[in-house]
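Model the placement of chain G on the given structure of chain F, informed by the hints.
Each protein sequence line maps, in turn, to chains F and G.
Residues in the first sequence are numbered consecutively from 69, following our numbering.
Residues in the second sequence are numbered consecutively from 873, following our numbering.
Hints listed in this document are in silico derivations from the structure and should not be mistaken for laboratory results.
The C-beta atom is built at its ideal place from N, Cα and C for all residues, glycine as well.
Take these hints with a grain of salt, some might be off.
[Stated by the list, open to error] Stretch by stretch, here's where chain F covers chain G in the computed footprint (C-beta under 8 Å, at least three residues):
#1 905-916
#2 922-931
#3 964-977
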Amino acid sequence: DAKTTQPTSMDCAEGRAANLPCNHSTISGNEYVYWYRQIHSQGPQYIIHGLKNNETNEMASLIITEDRKSSTLILPHATLRDTAVYYCIVRTDSNYQLIWGAGTKLIIKP
Amino acid sequence: EPEVTQTPSHQVTQMGQEVILRCVPISNHLYFYWYRQILGQKVEFLVSFYNNEISEKSEIFDDQFSVERPDGSNFTLKIRSTKLEDSAMYFCASSIQGMEQFFGPGTRLTVL
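Here chain F stands alone, though its shape is the one from the complex (with noise of 0.2 Å):
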């Protein structure tokens, strides 16, 4: 099973920033943060990743907490064609499989 939850879905304007929580409360020491976004009938895309420290990169920021149990996602200046259905996944980084959750909905509107 999945190790976060996620909100099942979140709307934001267009424009706007999309912050995507996860709460990754048994997440341990050696397990990183990953987080992908599967657009409507594509596969899967890798957005960012962190262990610790926030990341940033083209696509995204990543914030985690100090007790590492949760993180966000920011989108900063979203448009339509983010809209996705992103998936926060816990890994260690010698373990193989991503184990999916859910993920959330998020619809950028207009």
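This is chain G only, laid out in the frame that chain F set:
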């Protein structure tokens, strides 16, 4: 930008037939994976492959399934005798160091 490719995009087969789904991972990647997603359900891990052998597999990946890297570029998933419940999207993924995985567009398998 390099990407994972999969063929065919859609495969229709009769129950009991063998199917081979093909993937071309990103060229310098070393870790390869197959996942599936039944319509409307979660993505499920099937198998991972590294250094020419299976490194991890799920309960779904039973004796009816096999994987192969027949040459330096292709990675295949074979289902020996398809069942109706094998109908799903099958995604191939690859990774350079086993961290972030990059996915292909998927093959939709329909078993009649």
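Against the structure, the hints come out as follows:
Counting residues of the region 905-916 of chain G whose CB lies closer than 8 Å to any CB of chain F gives 5, which reaches the minimum of 3, so the coverage claim holds. Only residues whose beta carbon comes within less than 8 Å of a beta carbon in chain F count, and the region 922-931 of chain G has 4; three or more means the coverage holds. As drawn, the region 964-977 of chain G meets chain F at 9 residues by the rule of a beta-carbon pair under 8 Å; at three or more, the given contact holds.
Hint compliance for this structure: every hint is met.
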